[in-house]
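Model the full assembly from the supplied sequences, consistent with the hints where possible.
There are 2 protein chains.
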Amino acid sequence: MLRAAIDLADVEGVQTLTMRRLAKELDAEAMSLYHHVANKDDLLNGVVDLIANEINDAVEAIDVLSAGAAWKQAARERILTARTVFLRHPWAPPLFESRAAVSPAVVRYHDRLVGLMRDGGFSYDLAHHALHALGSRALGFSQELFDPGDGSAPAEIPEGMAEQLPYLVGMLREVAHDDPDSTLGWCDDQFEFEFGLDLILDGLDRLRSSR
Amino acid sequence: MLRAAIDLADVEGVQTLTMRRLAKELDAEAMSLYHHVANKDDLLNGVVDLIANEINDAVEAIDVLSAGAAWKQAARERILTARTVFLRHPWAPPLFESRAAVSPAVVRYHDRLVGLMRDGGFSYDLAHHALHALGSRALGFSQELFDPGDGSAPAEIPEGMAEQLPYLVGMLREVAHDDPDSTLGWCDDQFEFEFGLDLILDGLDRLRSSR
DNA sequence: ACCTGAACACCGTTCAAGT
DNA sequence: ACCTGAACACCGTTCAAGT
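Chains A and B, in that order, are what the protein sequence lines are.
Number 346 marks the last residue of the first sequence (the numbering used here); no jumps.
Number 346 marks the last residue of the second sequence (the numbering used here); no jumps.
Please note: incorrect hints may appear among the correct ones.
[To be verified] To spell it out: a stretch of chain A is covered by chain B in this simulated footprint if at least three of its residues, at any positions, have a beta carbon under 8 Å from a beta carbon of chain B; those stretches are: (1) 221–235; (2) 240–251; (3) 261–267; (4) 302–308.
[Said to hold, decoys possible] With a straight-line Cα cutoff of 25 Å, these simulated DMTMM-like cross-link-like pairs (lysine to aspartate or glutamate) come out: (5) 207/A to 333/B; (6) 175/B to 147/A; (7) 207/B to 279/A; (8) 207/A to 333/A.
It should be emphasised that the hints constitute simulated quantities derived from the structure, not laboratory data.
All figures in this text were calculated on a predicted structure; none of them were measured in a lab.
For every residue, glycine included, the Cβ atom is placed at its ideal position computed from N, Cα and C.
Structure (structure tokens):
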């Protein structure tokens with residue numbers, strides 16, 4: 136049933152994931168779902184937990200050294216592997232963020248990540264701050280609030296925009312110019328994710344070895 | 136009307152911000168709102184834009200040096216000031232993240248932030264990556280996906296939990312022990328936000344001066 | 001024990017009708 | 001031009017009734 140819910144969201148979008156629609160998908164005549172799940176929130180918690188288990192299966196199959204300085208590479212690989220799961224379920228990040236009750240599988244994921252940091256010599260205090268600093272990046276996604284020039288305004292910049300937004304226009308002109316054949320989509324999500332991730336991991340690594 | 140929507144969300148919670156309820160609040164008999172707004176999405180876009188303007192008013196009143204190395208302190212102050220607005224509207228971050236169309240005021244905010252980075256000597260390329268790395272932190276919030284020990288399980292750790300989650304339990308025991316009189320709420324949101332922010336700003340500053 | 005259909009209390013939104 | 005009420009097509013959920 137949770138599997139069916141995930142499949143439905145993957146194929147038709149998360150907004151069509153409704154109790155009635157899901158029941159139809161399962162050839163159950165409507166409100167029988169309530170015998171397997173307390174309410175819709177409970178169903179969504181289950182969906183999150185199942186995806187988190189999918190992530191755990193993927194990352195726990197990785198076998199790399201994590202002692203000392205190797206922690207960083209190990210954490211990096213783990214996080215980027217977790218990310219591949221979200222690439223299959225692009226509707227899932229907002230769902231993960233909206234959950235009040237935390238999924239046991241998500242807790243387990245973070246437990247193991249703290250384990251890697253401990254292997255690297257982190258104090259519990261630093262590991263704690265590290266989890267906060269990473270936030271959703273620890274699980275492999277980062278909610279993009281604002282996608283500067285998401286492909287909408289490629290070549291032509293509206294009249295007066297340069298005066299009102301001098302810096303963004305400047306940035307747009309230069310970065311788009313650097314890579315002329317991809318004027319739209321000049322933000323490489325994967326690159327940007329790794330850039331931000333490395334910035335944080337490097338910073339943590341520096342704190343680790345200075346203590 | 137947008138003001139009324141924000142007040143309603145502040146007082147009664149964002150889930151009660153419904154077209155019918157908002158109309159009642161304005162003593163308008165229900166569906167007259169559609170003469171001032173295309174649909175609910177449009178209303179929410181307006182709400183986001185108004186809050187973003189509130190942020191811009193606050194940060195543009197700041198007058199500090201931003202040339203060269205001073206960029207970092209200027210950006211830090213700006214972001215922490217923006218954050219104070221969200222502390223008044225704690226329901227707003229998910230709304231900001233859910234918007235498809237970007238608010239002009241949000242764009243303006245980011246334009247000025249890039250301006251600070253330019254003052255600090257950033258290339259446009261680095262400023263671009265910096266925006267992505269900061270993500271929602273640039274605007275003063277970070278969606279916490281997982282609040283390790285958010286006050287629920289203070290002293291008593293369930294049987295078997297230590298074996299299943301050795302690292303989180305270890306972390307919980309140590310960090311809670313450090314500050315015994317605040318066993319619940321051992322995560323100081325403001326401190327954690329600044330920790331993560333400084334980690335990123337310091338990393339960017341290092342890249343800035345190494346180029 | 002499990003499923004069902006009708007019903008309830010809500011949504012956002014449309015539309016024809018009022019002033 | 002602005003507001004209104006009824007109605008439509010959806011929700012999640014309750015509940016009494018079926019097998």
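Results for each hint:
no., hint, in the structure
1, 221–235, "holds (count 4)"
2, 240–251, "holds (count 8)"
3, 261–267, "holds (count 5)"
4, 302–308, "holds (count 4)"
5, 207/A to 333/B, "19 Å, holds"
6, 175/B to 147/A, "23 Å, holds"
7, 207/B to 279/A, "22 Å, holds"
8, 207/A to 333/A, "9 Å, holds"
Comparing the model with each earlier hint shows no violations; every hint is respected.
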